[in-house]
Amino acid sequence: MAKFWRQLHFVSTVVAGLFIFLASVTGCILAVEPWFLSQNAVSGAANPDLKLVDFQSKLSENFLEVFSFEKDAYGNIKVEGIGLEEEGTLFVSAESGSVLQPPPKLSRLFDTSRDLHRSLFLKTPGRILVGLAALALVFLSISGIGLHIKRAGGLRSVLKSIRILELRRDGHARWSRLFLVPILIVAVSGLYLSVVRFAPTPPNAALSPASATPLDQILLSDVRQVAYPVMEEEPLVIELADRILYFDQAQNIPTRAEQVPWSEQMRAVNFVLHTGEGAPVWTGFLLLTSLVMVFLSFTGFQMVVERLRLKKHRTVPDANADTIILVGSETGHTWRFADALEEAFTRQGIQVCTLGMENLPKVTSAKTLLFLTSTYGDGDAPENAQGVLKRLNACLSGADSIKFSVLGFGSSEYPAFCAFAEVLRYTLAAIENTREIAPYSTVDNQSAVQFIDWVRALNKNLNIDLSIDTSRLHPVRKKGLESFQIREKAEQEDTFLLRILHDKNLGIRSGDLLGVYPPDENIERYYSIASVSPTELLLVIKRTGLCSNFLGSLAAGDRFEGYIKANSAFYEPVDEKPALLVANGTGIAPFLGQQSSNSQLFWGGKYQTDFKLFEKYCSINSPYLAFSREKEKAYVQDLLLCREADVVKVLKENGTIKICGSLTMLKGVLDTVEKIAASNALPSTEELRKSGRIVTDCY
Amino acid sequence: MNKLNKLPIVFFAFAVTAFSFSGFRTPPAQVSFKCLVQLTNYSGEGAYVVVSLIDSKGKYKKTLQIFGKEKRWYDDLTSWFNYYTSAKENVDGVSGASITAGGRKVFSINTDDTVFNKGYKLRFETAVENKEYEEKDVEMDFSEVNVGKTVSGTGYIRYVKLIKNP
Chain A
11 MAKFWRQLHF VSTVVAGLFI FLASVTGCIL AVEPWFLSQN AVSGAANPDL
61 KLVDFQSKLS ENFLEVFSFE KDAYGNIKVE GIGLEEEGTL FVSAESGSVL
111 QPPPKLSRLF DTSRDLHRSL FLKTPGRILV GLAALALVFL SISGIGLHIK
161 RAGGLRSVLK SIRILELRRD GHARWSRLFL VPILIVAVSG LYLSVVRFAP
211 TPPNAALSPA SATPLDQILL SDVRQVAYPV MEEEPLVIEL ADRILYFDQA
261 QNIPTRAEQV PWSEQMRAVN FVLHTGEGAP VWTGFLLLTS LVMVFLSFTG
311 FQMVVERLRL KKHRTVPDAN ADTIILVGSE TGHTWRFADA LEEAFTRQGI
361 QVCTLGMENL PKVTSAKTLL FLTSTYGDGD APENAQGVLK RLNACLSGAD
411 SIKFSVLGFG SSEYPAFCAF AEVLRYTLAA IENTREIAPY STVDNQSAVQ
461 FIDWVRALNK NLNIDLSIDT SRLHPVRKKG LESFQIREKA EQEDTFLLRI
511 LHDKNLGIRS GDLLGVYPPD ENIERYYSIA SVSPTELLLV IKRTGLCSNF
561 LGSLAAGDRF EGYIKANSAF YEPVDEKPAL LVANGTGIAP FLGQQSSNSQ
611 LFWGGKYQTD FKLFEKYCSI NSPYLAFSRE KEKAYVQDLL LCREADVVKV
661 LKENGTIKIC GSLTMLKGVL DTVEKIAASN ALPSTEELRK SGRIVTDCY
Chain B
3 MNKLNKLPIV FFAFAVTAFS FSGFRTPPAQ VSFKCLVQLT NYSGEGAYVV
53 VSLIDSKGKY KKTLQIFGKE KRWYDDLTSW FNYYTSAKEN VDGVSGASIT
103 AGGRKVFSIN TDDTVFNKGY KLRFETAVEN KEYEEKDVEM DFSEVNVGKT
153 VSGTGYIRYV KLIKNP
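If you read the protein sequences in the order shown, they are chains A and B. Just so we're aligned: 475 in my numbering is position 465 of the first sequence, and the numbers increase by one with no gaps anywhere. Just so we're aligned: 64 in my numbering is position 62 of the second sequence, and the numbers increase by one with no gaps anywhere.
Note that these hints are calculated values from the structure, not bench results. Where a beta carbon is used, it is the ideal one built from N, C-alpha and C, also for glycine. A few of these clues could be false.
[Unchecked claim] One side only, chain A facing chain B, incomplete, derived with CB under 10 Å:
id, residue
1, F77
2, R234
3, A237
Just chain A, with the same shape it has in the complex (with noise of 0.2 Å):
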């Protein structure tokens, strides 16, 4: 069904998107008019009490002759007629029915918006495309629906909050979930009346004339329009909202009365909805509305393109290519890295070949398949993977044997981050004849460095040299990077601490990372922050490339830039729950700073000087620490053993597990915690990662 809804969107984009952008930006300078119209209102209030009759007498003291008056929604009361001194349409006063001066007229910018709005200057043929445009805003709406549950994987979390990490794919996704009411109706309330124009105006229903009201009881504040009689025979005709009166000359009662069809009511209510004519409020509300469907547009196109822009991939494998890459890929990111893969393996004279998962063919030789996928929503498979896990056996079975390694690509502040390559990873490692020939691995926010880590497995299990053209996955350096100025360095062995001078302003929270580039490379890397003041910060770095070394390079008094990432996942809760923060190495760094009283810090190093060089940043009391080549020469994971009451007590009082160091200590700790949580009635940690209950940042 996501498929049906995601293909509906598109299409209807492709179709209706450059209209609907433009009708929304006509409706957006639209919106302000009637605040103008409204402003600009000139016959006053009536007194609601005022009699027609009475009015009529006050309008002949001012008129030779009243052919007709009409109300409009801002109050105005125009008379069609012959006054003491001119002639034509006059607006006049409602208390005192004398001519008063027009209002003034706005500016012809409305008229040629409404002009673009209603039929792109394109007079019928333009109407009609804009009715089509209003269609497609309904399937987009419809399809946009089925997509956020999907998306938020079942109807009951359609409501929870969405990161925004990628503007245009979750800022369309926040926006367009916040304003579909809005849009739904301007879209239905469009169409309602686009459709209402070319059908034709059914009859006005007879009524009983007895039980109208009687000429001399009829309230102005009632009256739409009054036309009065020109030729003998005419009657006296009196619109109100939703019945249209005839009265013979001289007569009280009407002598034949009518209702206003259903559908011309219904025309008056859309146009409301959608013109917000005479409701300021609401017009506010459509201002907004218009606002947010600019940037839903702009947005929206900005998607298609990308997805138009992909390089068509085969969809058959080449018989030649004993290895395979399969893709799964939701934006098309997943897809540049492939690319990079692929034209590394053709570097080396080996034939590869690309392919979506879709089109995971039925493998009967011994083959290399490297899936490369990201993971949709709540841990679903992306877009062109949908239902592949289905069909992985009956594909892979019938092969000698398959090296196979998964690759895991999304964004790490997402709970269910690369929850489909894993469970991909676990279905391929259940099925008989395959290897994993490199460690599952994943890559956070399209991080090169990951990718690159992840290649260097694989060249060292294969045996073979790949390298990866980095330019080719698109690495952009940041625009506007702050500048941070060092302030005091220690170090130890190949590790070193530095407390970092920053702008206030920058409201950085211990947890936060530091983007940092190393010189003449657009790929950055991440150092987890600790806030030690308003102004300063800590990093905990150990030497080990090239942005490190670079680091390491500088000294008190120098200055870098870089820019902060928040990771509010890291942050100390604000709510009086425990914390478990188990840390490794330079992992640590996180947590110095961090001083609840109700968090236990776990740390594991080499030896027992290594803690020296951030123990006095350290303000969690008595820290349980584990040294591997000193002392007892125990693993961080072993204290959690040690302390199974501690972890216990954290996971059943609703408390988190936060993780920071090496991904080997990740999957021991990972390994200890599970069989902690078994052995008392708790939930697993996969479930507790899915609730945002074990929070890891690990490399």
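With the hints as your guide, set chain B onto chain A.
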């Protein structure tokens, strides 16, 4: 000084002469009417209505009134539009909003008596978006016979009524 004093006298003499010459031809008397247009309850957009003065040979002489502001719709009023484009008449002073179905509008006709009761006609042309164009929705003699009477239309106009200025 003396010469200067005589100048006004010379001007006065000129003025008197000029006035006496012009006195030989009396200027045509002005005639002024109000005219009411009432549309039928057709279903559709507002109607564009143009009122023109037609001479005895059936030629357009002058545009008296246009109901309909958007110039890009003017070409729907086919016959008048041909005249309008060739005569390049400035119609800004006599144009107003279009008339909605069932609506009525009043406008004034101010002209001189050389065209009243002299075989000239008033023509009301109408056009509605996506509907038939009516070249002669109403065409009537611009003469005393039609003053104070309602004249029925054949298209979107129910009737028009020419009213002598009160």
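For this structure, which hints from the list above don't hold up? 2
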